[in-house]
Every structure is written in structure tokens, then in C-alpha cells.
Amino acid sequence: MTDRFLSGHASCPGCAVALGVRLVLRALGEDTVLVVPPSCIAVMMGPLPLSSVTLPVLQTAFETTAAAASGLSRAYRARGEAVTVVCLAGDGGTHDIGLQALSGAAERNEDFIYVCFDNEGYQNTGNQKSSATPWGARTASTPRGKATRKKDIIEILAAHGIPYAATASPAHPDDLARKVARARALTGTRFLHVTCPCVPGWGIGDEASLRLLRLGVEAKAVPLYEVEDGLRYRISHWPEGIPVVEYLRPQARFAHLDDAGIAAIQAEVDRRWDALLWRAARAAEDPSTAPSAGLSRAH
Amino acid sequence: MIAGPDERLREEAEPPNREDPRTLTMIEPRMLLTGNHAVAQAVLLARPQVIPVYPITPQTPILERLLELGDRGELAGELITVESEHSAMAACIAASLAGVRVFTATASQGIALMHEMLHYAAGARAPVVMANVNRTLASPWGFWPDQTDSLAQRDTGWIQFYCESAQEALDTVLQAFRVAESVLLPAMVVTEAMYISHTLEPVDVPGPEVVARFLPPYEPALRLDPARPRSLGGTATPAQWRANRLAMQAAMGLALEAVTEAGRRYGELTGRGYGPLEGYRMEGARVALVTAGGLAGTAREAVDRLRDEGVAAGLLKVRLFRPFPAALLADALAPVPAVAVIDRNCSVGSGGIFAQEIRAALQPHPRPGRRVFSYVAGLGGVNVSVERLRQIARDALGRPAPWPEPILEEALVEDGR
Numbered sequence: 001m002t003d004r005f006l007s008g009h010a011s012c013p014g015c016a017v018a019l020g021v022r023l024v025l026r027a028l029g030e031d032t033v034l035v036v037p038p039s040c041i042a043v044m045m046g047p048l049p050l051s052s053v054t055l056p057v058l059q060t061a062f063e064t065t066a067a068a069a070s071g072l073s074r075a076y077r078a079r080g081e082a083v084t085v086v087c088l089a090g091d092g093g094t095h096d097i098g099l100q101a102l103s104g105a106a107e108r109n110e111d112f113i114y115v116c117f118d119n120e121g122y123q124n125t126g127n128q129k130s131s132a133t134p135w136g137a138r139t140a141s142t143p144r145g146k147a148t149r150k151k152d153i154i155e156i157l158a159a160h161g162i163p164y165a166a167t168a169s170p171a172h173p174d175d176l177a178r179k180v181a182r183a184r185a186l187t188g189t190r191f192l193h194v195t196c197p198c199v200p201g202w203g204i205g206d207e208a209s210l211r212l213l214r215l216g217v218e219a220k221a222v223p224l225y226e227v228e229d230g231l232r233y234r235i236s237h238w239p240e241g242i243p244v245v246e247y248l249r250p251q252a253r254f255a256h257l258d259d260a261g262i263a264a265i266q267a268e269v270d271r272r273w274d275a276l277l278w279r280a281a282r283a284a285e286d287p288s289t290a291p292s293a294g295l296s297r298a299h
Numbered sequence: 001m002i003a004g005p006d007e008r009l010r011e012e013a014e015p016p017n018r019e020d021p022r023t024l025t026m027i028e029p030r031m032l033l034t035g036n037h038a039v040a041q042a043v044l045l046a047r048p049q050v051i052p053v054y055p056i057t058p059q060t061p062i063l064e065r066l067l068e069l070g071d072r073g074e075l076a077g078e079l080i081t082v083e084s085e086h087s088a089m090a091a092c093i094a095a096s097l098a099g100v101r102v103f104t105a106t107a108s109q110g111i112a113l114m115h116e117m118l119h120y121a122a123g124a125r126a127p128v129v130m131a132n133v134n135r136t137l138a139s140p141w142g143f144w145p146d147q148t149d150s151l152a153q154r155d156t157g158w159i160q161f162y163c164e165s166a167q168e169a170l171d172t173v174l175q176a177f178r179v180a181e182s183v184l185l186p187a188m189v190v191t192e193a194m195y196i197s198h199t200l201e202p203v204d205v206p207g208p209e210v211v212a213r214f215l216p217p218y219e220p221a222l223r224l225d226p227a228r229p230r231s232l233g234g235t236a237t238p239a240q241w242r243a244n245r246l247a248m249q250a251a252m253g254l255a256l257e258a259v260t261e262a263g264r265r266y267g268e269l270t271g272r273g274y275g276p277l278e279g280y281r282m283e284g285a286r287v288a289l290v291t292a293g294g295l296a297g298t299a300r301e302a303v304d305r306l307r308d309e310g311v312a313a314g315l316l317k318v319r320l321f322r323p324f325p326a327a328l329l330a331d332a333l334a335p336v337p338a339v340a341v342i343d344r345n346c347s348v349g350s351g352g353i354f355a356q357e358i359r360a361a362l363q364p365h366p367r368p369g370r371r372v373f374s375y376v377a378g379l380g381g382v383n384v385s386v387e388r389l390r391q392i393a394r395d396a397l398g399r400p401a402p403w404p405e406p407i408l409e410e411a412l413v414e415d416g417r
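Protein chains in written order, with the working numbering: chain A, 1 to 299; chain B, 1 to 417.
Note that these hints are calculated values from the structure, not bench results. Ideal Cβ positions, reconstructed from N, Cα and C, are used throughout, including at glycine.
Derived contacts from chain A toward chain B, CB cut-off under 8 Å, selection only:
#1 45
#2 51
#3 61
#4 75
#5 101
Take these sequences, add in the hints, and give me the full structure.
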């Protein structure tokens, strides 16, 4: 395996995003050009004239990741060059300011892989809330805990009917590598959502990210699944179903919650998991979700 | 340096003989085109490989024609119907940095929405070419010409051309690609809502062989290429950032030469030469009307009438706004005692934007008795008639002392001048 993300970059010790980037880049080929908006990832890419990666990187404006990727992908096609364009963005750049450009590109089915490393807030600027921050979490801009729920970005992308949308975790590296490989095998807009605990933002130890993430997955708070053509759902890891409190308690951002608050989060996790099961079951039973039923794609 | 009217009448180049079959390839077909379709025709000839576009009145006929040409297979480029102007410019920049020629077009709210990415394009040294159709900015909504949308982008690092006609729009788009790609700065070709964008004119269209000689394929030395991995746009230190801006400033200096060279070369090939400025009947002028864009056409007529009436009036058209041809302007206006700058735009709280720039350009070249007046006329697309321009020329001649405040055309009516 070739590491294309090199040591010596500027992430915090124990950063799950840094591990996620390394795992994603390992699963990609040399024919890759990266697009990175402002984010923790941009910091890790290195200041001029240095670079932490062995691939070309375009650092673009915050809300433009998918638009820039559209331009790049079309330019390489116009030149007759086989290049895989891969976006590495954070949750603020994806769920908030970049959502319009991403939705536009997904509707056009532009040919690129978009990876969102979701650490549930604007961690690069000091942990302000984003629309990916879950209900109840304290951040620098939600001092009493966030009053609204987390935006369900996978369902938004799946609703565009793109060829591939999947969730992944750097604590499940084989599953992550398989999903990157699956994305590479397809063309059109492919979306990967990688949940990444943030050491300072979530208030955890710098050794704790992966253990915590496994708790989140087993508590169904971080479901691992994939959706093809917006129709065919497949759950790629069946969780044990441990109480969500085991995932919440190690995190300082939830330390203020009482039993009622924990119960509210448990109810939200259960609701989303049930909705996922319903979609997966419907996909298994409904012949209209078969691969041949999709509209042909113009390009 | 100044392309005079004689040059525009094809004195330099041998005129093509439309009767001689041996010169068929050099003959320019004459088409009846709106300003918008003239821009699209130039794009077809320039062969950009990626064209991200988003519709906005009054630019939409450019977009529709390009998509129609693409659908018919006449335009081979990748057309991207993006979801906003902001994304259009972001896609332009990225595609340009991947090493292809790119084009887009917009107007009004669209260029305002792009503002962030206009800075980005210039800083990234992406030679994007964009047509902008001058149109009022909301609020309130309006659909008529006003130059404030593009002039508000003056500090973004874009080369800016202002066009008087559909012919000039077509010719300038081709020159803009040559200039932008030679100095690695983006270039904007500005036309005008309705008066140019939607008005049919006979336009001479150069043949593809002529354009191929004028505009070579774009192949940058550096680009985003997996075979030679380089990164673009990372964080700079203060010294690196300063070096970037100083390099842009130096490139703007080269752009002034490149504009002059491109205009001359284009004249050699087509008979239509261009410069950063164009003088019309400036010989012995006691008053110069200085303006840009479609107003220049009306001003020619006003100058003719004034000369017929015995008033020594001339027109100085500012074709290039960035880089600002300050030294050329100072030269052209050196002998003229009364200068009437006419702005179809308003920097609210200051006044006409061309007037600000021209006053600043003339400041190092003082001339006893010279007065530079700033007239703000035609805001929001209000018609500026030949009569109004004659009135402005006479007003300027009649004001003996400097007048630092902008003179609004409404004031001319009230004063009965």
C-alpha cells in the first residue's frame, strides 16, 4: 500500500480526520487530483510551498468544492485525460456553505468522488456549531447545547439519485477501503461521509478517537451503509445496539446533559436507525429499485 | 497608441476583395448579430474547452446560443449548466488551472455574486475570459444598462474592456483571450444591456483561419497534472502573499503592452485595429467628451453636430479600464482645456467612477487652465441623447472654474444650461 499522505503535517495529535485522509488516499490511484476547501484538511495539506500529499491539490474557496471539481473533471475530459477528481471537505464546507454547489453538481451527476470528513463542527476555527453538529452538543457557538438536530447529509445526497453514497469510519478501515474502491469503480457523482471524532472539539483524549467511534457505530449513532442510485440501500455493518449513553459519556461536549437529554438523543438515534431499516427493507423487496430500473445517465 | 478613426476605416490592412475567389478565405462574412450573439460567435471562433454558464437577463442569449452550438456539435467544448454564477466562476478557475481555455458570461447580480471568485481567479493567475453585460444592480430591480456592476469589480485584478458595439464585442472577446493567456490574468469584456446586448447590427466575422493565426491554442507551462504533482492555492506567508500581488501588478503592466499588441495584430489580420483608447475628432478639440461603452456611439454623433455648429469638440473613448491607461490618457488630453467625463455609473457618496480614475491619471500632469468635469448621466438605463451630450459639452465649455462635485444630468435641466 502506498501512502500518499505523508508525515509531518499540522493536524492535532490523535486526529481522526488525518487518519481518514490517509486511508482514503491509500485506496486511490496515482491518476488523482484533489480539491480541498478551507478546513482542517486544508491545514494538513501544508503551507506554501510545502505539500503533505504526493498528488496535485487545488485549494479552492469554501463554498466551491463541488463546483471546482466539476470544472476540473470537465477540463480533463476535454483534454482526453483519465483523471479521478476527489474532493476532501469538512462538514461545514459540505453541510452548510458548500451544499448548494454540491447539490448542483450531484444533480448534473458530475464525475468526481466527494469525501466529507464530518467532525460535527467548525473545528478549524475553534469548534463552532455547523448543521452537522448533533442536538445537545456544546460548542463555542452553542454554549447551552445545540437546540436542533443534525442534518442528514447522506439522505440529501441519496435523494439526488447519484450512483453511490456511503458512510464510513476510520475505525473500520477495511470497510472504508472497500467503499472507496466501489466509488472508484463507478462514474458520476460519488459521495462518502466519514465520521471523525475531534479531540479538542468533542473533548476527548488524543488516544480516544477510534475507540469512541467504534462505540458510536455499535450504538447505531454512526450507521455504516451505502446507497446506489438513491434506491438500493445496504447496511454494511450490523451494530450491537449498545445504549447511546456509552458513546456520549466520554465526550465533554455532552457532559452537561441530564437523563432526559440522553433519552432524547437515544430517541433520535432510534428514529434514524428505524428509518434506515425501513429503506433497506423496501429496497430489498421493491423490484423498481433494481439496478436496471434507473434512468440512463447522459454523461 | 491611440487607434484613431482612420485606423478603424481599414487604412492599415489591404481590404479584402469580395469579388476575387482567390481571397475567399480572407473574406469576412458579414452577419446580422445582436451584441450577445456577436459574443457567442467570438466564443465559437476561440474554441474554449470548458464553458460553465448560468442564465441571467440580459446575458441569456449568449448562453442559449452557446448551448445550441454545443448541441449541434459545432462547439466542441464542455458546457456546464451550473447552479449559480458563483459556481460558474469556481468551475472556470479550476478548469483553467487544469490547463484548458475557459469562457463564461454574466451580468448584474451574477457578477456581484461572483465577486469573491473574481479575486480568486486573478490571484490564482487563471486566464478566464468572461463577458459581462452591464445591467443595474438591485435594489430596486431593473433591466437596463448601468456600469456599476463591472466597475465595482475594479480591484479584483481583472483586465476590463468596455465595448461600444456588437462588432467591437466580437473583436474584443478574441483579443481578450490572447491578452489574458499571454499575461495569465483573467479578462472581462463588458457590453451593455439592451442597447448592445439585444440590438442587431451588421458584424464582420473573421474566418477560422484568421482566428487560428491570431489566437494559438492555450497550453500553459504549469497546470494541475497528476504526472507532475503540484499544489495550488495553499496558505502563504505575508512575504509570499505580497510577492503574489506584486507579480499581478507587474503582469498588469505587461497587459497594457499586450492589449496594444493584440489590437495592432488584430488590425493587421482583419482591418480592424484597436488600442486602449480611441480618439474621434480630437484634433484641436477645446472640449473632450470622455466616455466608455455604448455611450461612445452617441457621443460620435454629438461631436459631429458640435463640429458642424463650430464647437471644437472631440471624443476620447476609454476602451481599456484595467490596466488603466493613465499615461496614454494624459497624453491624449494634454492639449484639451475642458474635459467632460460622462459616467453611466455612480459610486454613491463619490460620483462617476471613470471621472475619479481620469482625474487621478491627470493629477501628475498639471496643465494651467484645464478643467475636468464629472457628469453622471443615463443611470439605470435612462436614455442619453445626442442633445444631452451636446448640452454637456457646452456646459463644460461654459464653466470657467474647476468643479469638483459630480454634475448630475438632472441639474443641467434645472439650470437650463
